[in-house]
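Chains as they are written, first to last, in full-length UniProt numbering: chain F, 1 to 243; chain Z, 1 to 243.
Since the hints were derived computationally from the structure, they do not count as laboratory data. Don't take each hint at face value.
All copies of an identical chain are treated as equivalent in the list; a pair is satisfied when it fits inside any one copy or across any two copies.
Computed list of lysine-lysine pairs in DSS-like fashion (alpha-carbon distance at most 27 Å, straight line) [unchecked claim]: (1) K172 x K3; (2) K165 x K145; (3) K73 x K42; (4) K166 x K27; (5) K48 x K27; (6) K23 x K42; (7) K173 x K148; (8) K145 x K173; (9) K73 x K23; (10) K166 x K60.
All values reported here derive from a predicted model rather than from experimental measurement.
Number of protein chains: 2
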Amino acid sequence: MSKVYVIGLGPGADRQMTLEAAKVLEKCQVIVGYTVYVDLIKSQYPEKLYLTTNMTQEVKRCRMALDEAAAGKAVAMVCSGDAGVYGMAGLMYELGEEYPGVMIEVVPGITSATGGAAVLGAPLMHDFAVISLSDLLTPWAQIEKRLKAAAMADFVICLYNPSSKKRRDYLKKACEYVLEYKSPDTVCGIVRNIGRDGETHRVLTLEELKDTETDMFTTVFIGNEETRQIGGKMVTPRGYQYV
Amino acid sequence: MSKVYVIGLGPGADRQMTLEAAKVLEKCQVIVGYTVYVDLIKSQYPEKLYLTTNMTQEVKRCRMALDEAAAGKAVAMVCSGDAGVYGMAGLMYELGEEYPGVMIEVVPGITSATGGAAVLGAPLMHDFAVISLSDLLTPWAQIEKRLKAAAMADFVICLYNPSSKKRRDYLKKACEYVLEYKSPDTVCGIVRNIGRDGETHRVLTLEELKDTETDMFTTVFIGNEETRQIGGKMVTPRGYQYV
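Just chain F, same shape as in the assembly (with noise of 0.2 Å):
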């Protein structure tokens, strides 16, 4: 039985990636990926066949590496961050009942919640939401929803995709929903190129946040009514009495 494998390249494609992502990019003969990201791996094993498609044709995409395991090659389909977070391996899974020869296996990577949490400091120690603000595939309505009832019941909350040219006001509106439980000095974060060349931060208050503009490369953290500010950098305390 053929194998495609989903891999999660991590934040930045390089360090922050498994030793088990490593060893099976290793021995795979086919790397199947967005253009972005398959730029990223390239230098490290060229001798590979690369397929790649652009933004938006993620069908094609996990259709080629079906394609070419269903063919008898060792295949990779590479995501950045984690493939199993707003990455390609539930399509896999969707479009492989198509290939029943085909096995998936998906390896983890480092999701943008965990590493841009460890850029900030430690935002997620307690209990934490995962939104992704684009309304491409999911209603805005449902959107709405799952910012309210994540901040009603203090979460702290991580958002994926907080805006784009087409979106501009997405984060603003989404702090605007969150402010009608949360206080405007609730201690939040922004991560910019995670892993990458060019990364930034900063720790702002939820009021700063709701004026700041952001785009696709940046993730967001709003803490909950513990986090603070810790020689600058966004701590959530889980609770332990040390004093």
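With chain F fixed as given, assemble chain Z onto it according to the hints.
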């Protein structure tokens, strides 16, 4: 300025460790951690000074790491999974306020949510909430509120610490709250000993999950309305159109 690295070893502390975590461990002189996790890496790095404490001695353990760093040693505080998700990263920053000469750096790892998801298939493809059922440090009323909010807004829910000897019925209670909003047929999954010897997993319904016994080595996944079984895997579609 001396430095202490707070390192997530991933679920199994070997092949799911990142390249960066392995590199940092290599260069540290002192490795501090909970006895069980330290035992997982001792054979890989025999030439280190190991300092361990038992469970519930988290404050002592963090101080040991900070003291060693303050004394000029290169120190790694290791955690299973990701140090920033119910791990030691937060407490290290809190206690670190008393050690102005010690810098703290978090090295992210694969947490049970993404590591377990990869075993089950692709349950976390859409917005999800991570909740710990341990009420050692969190009032149960807060846990109940978060479970109900996450269920009401149809998040995929990932549960850490679903039960222990002293908390046998916690998962059952959690499922009862969730059943107020989600169908008994909701697709769920459990994974035990992620990435370790004896790893097991099972896909089941929410109704079945309610009466399932788990332990501290188990991570639980409760799907959203769209989550389904595909070839024995638990898959939450992101919403791509492909038919």
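Hint check results:
1. K172 x K3: neither (43 Å within a copy, 37 Å between copies)
2. K165 x K145: within (23 Å within a copy, 36 Å between copies)
3. K73 x K42: For K73 and K42, only the intra-copy Cα distance (18 Å) is at most 27 Å; the inter-copy one is 38 Å.
4. K166 x K27: Neither. Shortest intra-copy (40 Å) and inter-copy (46 Å) distances fail the 27 Å Cα cut-off.
5. K48 x K27: within (10 Å within a copy, 32 Å between copies)
6. K23 x K42: both (15 Å within a copy, 22 Å between copies)
7. K173 x K148: Both: 11 Å inside a copy, 24 Å across copies.
8. K145 x K173: both (12 Å within a copy, 24 Å between copies)
9. K73 x K23: within (16 Å within a copy, 32 Å between copies)
10. K166 x K60: within (24 Å within a copy, 50 Å between copies)
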